[in-house]
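Q: Residue strings, one per chain:
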Amino acid sequence: MALSDAPEALAYYTVTQNERTGWTGGLLVLNHTGRPLEFQCTLPVRPSRAHEILYGPTLQEHLIGEVIAPVLLKKCRTPIAMICCDQPESFRVRERIDLPVALAVEAAEAEEGPISIDTVPDTETIPFAKGHLCVLSHQGDRVRALSDRFRDFPDLVEPFDRIREAIREAQIQLARAA
Amino acid sequence: MQPTYAAIPSRTDVAPPRDLDPYVELRRISDPLRHRADHVAPVAARSDEAPPALVAAIDAARSWEIGGEHDPDNGHAAITPPETHALTFDAIEPRCVAVKLPRVRPKATGFLFPEGASWIPPKPESGESEATSKRSPPKRSRPGDQRTRIRPPQDVVKLQDRLYYLLQPPLDLLVGSGQLNFPFEPFPYQLDGIAFLYPRYACVLADEMGLGKTMQAISSIRLLLCSGELRSVLLVCPKPLVSNWVREFGVWAPEIPVAVIEGNSAKRDFQWRSRDVPVKIANYELLMRDRDSVLDENSHFDLVVLDEAQRIKNRQSTTSEVVRAIPRSRSWALTGTPVENSPDDLVGIFDFLSPGYLNPGMPMTQMADASRDYILRRTKDMVLDDMPPKMYRDADLDLTPEQWAAYEAAESQGVVTLEGLGQELTIQHVFELVLRLKQICNFDPATGSSTKLERLEADLEEVAASGHKAIVFSQWTGSIERMKGALARFGPLEYHGKIPHKKRETVIERFKNDPDSRVILMSYGAGSVGLNLQFCQYVFLFDRWWNPAIEDQAINRAHRIGAAGPVTVTRMLARNTIEQRISDVLDQKREMFDALFAETGSGDSTKAASGGGLTRDEIFGLFDLRAPGGKKVA
Chain L
21 MALSDAPEAL
31 AYYTVTQNER
41 TGWTGGLLVL
51 NHTGRPLEFQ
61 CTLPVRPSRA
71 HEILYGPTLQ
81 EHLIGEVIAP
91 VLLKKCRTPI
101 AMICCDQPES
111 FRVRERIDLP
121 VALAVEAAEA
131 EEGPISIDTV
141 PDTETIPFAK
151 GHLCVLSHQG
161 DRVRALSDRF
171 RDFPDLVEPF
181 DRIREAIREA
191 QIQLARAA
Chain Z
20 MQPTYAAIPS
30 RTDVAPPRDL
40 DPYVELRRIS
50 DPLRHRADHV
60 APVAARSDEA
70 PPALVAAIDA
80 ARSWEIGGEH
90 DPDNGHAAIT
100 PPETHALTFD
110 AIEPRCVAVK
120 LPRVRPKATG
130 FLFPEGASWI
140 PPKPESGESE
150 ATSKRSPPKR
160 SRPGDQRTRI
170 RPPQDVVKLQ
180 DRLYYLLQPP
190 LDLLVGSGQL
200 NFPFEPFPYQ
210 LDGIAFLYPR
220 YACVLADEMG
230 LGKTMQAISS
240 IRLLLCSGEL
250 RSVLLVCPKP
260 LVSNWVREFG
270 VWAPEIPVAV
280 IEGNSAKRDF
290 QWRSRDVPVK
300 IANYELLMRD
310 RDSVLDENSH
320 FDLVVLDEAQ
330 RIKNRQSTTS
340 EVVRAIPRSR
350 SWALTGTPVE
360 NSPDDLVGIF
370 DFLSPGYLNP
380 GMPMTQMADA
390 SRDYILRRTK
400 DMVLDDMPPK
410 MYRDADLDLT
420 PEQWAAYEAA
430 ESQGVVTLEG
440 LGQELTIQHV
450 FELVLRLKQI
460 CNFDPATGSS
470 TKLERLEADL
480 EEVAASGHKA
490 IVFSQWTGSI
500 ERMKGALARF
510 GPLEYHGKIP
520 HKKRETVIER
530 FKNDPDSRVI
540 LMSYGAGSVG
550 LNLQFCQYVF
560 LFDRWWNPAI
570 EDQAINRAHR
580 IGAAGPVTVT
590 RMLARNTIEQ
600 RISDVLDQKR
610 EMFDALFAET
620 GSGDSTKAAS
630 GGGLTRDEIF
640 GLFDLRAPGG
650 KKVA
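Going line by line, the protein sequences match chains L and Z. For the first sequence, our numbering gives the first residue as 21, with consecutive numbering after it. For the second sequence, our numbering gives the first residue as 20, with consecutive numbering after it.
One should not assume that every hint holds.
[Stated by the list, open to error] Restraint-style ranges between C-beta atoms, simulated for each label pair: (1) L:ASP172 with Z:GLY269: 26 to 32 Å; (2) L:GLU132 with Z:ASP174: 38 to 44 Å; (3) L:GLU39 with Z:ARG391: 28 to 34 Å.
The hints are simulated quantities; they were obtained by calculation from the structure and are not laboratory data. The beta carbon of each residue, even a glycine, is placed where N, CA and C say it ideally should be.
Isolated chain L, as found in the complex:
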């Protein structure tokens, strides 16, 4: 896809984990002004004990990058230009899609601590919406072009709060219904 034809929408993706409910993913598609266009979320996923044992420390990456993200992206109906995430495990989804996957550095650092080239190898950092994106080196040019087109985007980090708030709301409703 030529850069000029790229859709004017960003997909924000994050996964929350709750001891009681499990893993829930949310995908929020925003236009260049930060207004919502589409929202998709999963029902909570509860990996079995067998998953926990056999996947071991790679379970989180498996769930975030290989299980939840593909389902949400498949359901998403709005053409998107880039996936913006706050968990390094999400990079795994790049193997399944031909879209730039970017880690919002300031958002990820809240959980992960300082993000460096060691955290995510073969990446570079690109300024974006008052923050920084960590992207795979070979996708750098595409993201730089998007950065210019999304210069009015209000805040790089804030949309993740919206997703988490929406997931919390959905879980409250589920709990009431149960």
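With chain L held as given, fit chain Z onto it using these hints.
A: Chain Z alone, transformed into the frame defined by chain L:
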């Protein structure tokens, strides 16, 4: 499968010799088939000279051999005696069991937002507006965890509808990024107010006077119009405030066309039917005259906003009936005094918002709980850290001898008259006496003597000398007329019911701009709402209104956003008269207000607009009279 064998020694006294020299290098026997506890003999001893290389050799004669027969050639002693038995065991045969790891398949659900939803009004044409849209983040920006988010009210039940609001960007972020344009930077609490109104179909914005209810309502309407959620809005307000609303729309939503319903009957009828203008403004009185047009079956408003909504607190009034019957989707009420006399005032307002949701006589705590999600009330003390203080100065004055004589005569004579009326006594009779006595507290009717005027003159000298301006409120235009002459040197201007509406704007403009006009004399009725006189730092209440909420409204003409400095409020009260008795009763009213709105933000009635006027029984009680058919209220 070959059996395996284990040798079981029949004796246990097999032990290696213990006479090993520690300086002997041992050579390991690595042959697993010959697990002999080989005894190594020393071949070189330690000497004082440099130690030679040590070599260990197996001393076969002193070794055992496991599992083998006695070998006389080697001299080994078999450690397995002949009587050893061999047992066979089945070999452990591992079986492979497949653990099927099911693939985790999450279910997803979602929705698309309505197309075209936008909060961005058309691009401003002037360079000035463009400049405001590209400004840097606001000075009053909040930290990330205090964003102004639009939260769905409790009566929005469907998850998708709730998420529609939750997933909108925070308002403060949009203001900071220039996507929401305001002529002036809103205060954070004003953004909170917009976030409160935006998702609600029924609500009361009950902020204290002067906090900008008008701005919050207009900005919310603007967002809803831009996002396509509204197409037709009717705003109803008291007649004197119509021009104020038009002016405020011009400031806060200049791109939104507004039509004032006015003119002759035919013109008004046309205006009611017109769908060209999204916002119509009408006054309460006109609403009743045009009820057929307003209530036409083809008429429908997406939103009806009532300003000064306490107007409909009486559910039986014609105004209330007409307003409640307007076909509409959303209902907002704006008032700084949602409760004036009793909690039932709130029932009247809720009959417009959500009929039957509150009921007369409901316990106050129950009513407060039920209405909490529908009401937003803030006071200046709560939200404005940088608001100049409002200082009260109670001027408790002794009447002049002339006034006192007139007062005593009028009261004693009046009470006798009232008592003589017996069962024919009505509240109107009592009311007339109260008014008569209050007028004497202002001026002696025979001589014009006035302790209050003397005090006012003295105070105004000081105000004028310091270059400031003052507002004087009175209940009666007659009192204002009497004051006017005595205050001529301060260039007094009048603003009350006898001043035609068309001239009122001119009066206000002159008061703002004429340096010789140091004082404006206002009636509570005309001047207590909708005026912005924040350049005044002195307010005088020449007489006290029945209702402290009205007094607060009057004071807030000066003590509001943009106030030039501290506002000093002088409350004049004639000591040991009916004024003092009324004041005592009203103090008790404030406590009731506190109880009702404690949870919605405002809890300090001494600082907040609050409370209502006197009830029928309380008015009778002022003279220690028994209301006919009622109990005696002391």
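Q: Note whether the CB distance of GLU132 of chain L and ASP174 of chain Z lies within 38 to 44 Å or breaks it.
A: holds, 40 Å
Q: Within 28 to 34 Å or not, the Cβ separation of GLU39 of chain L and ARG391 of chain Z?
A: holds, 32 Å
Q: So the hint says 26 to 32 Å: do the beta-carbon atoms of ASP172 of chain L and GLY269 of chain Z match that?
A: holds, 27 Å
In summary, this structure violates none of the numbered hints.
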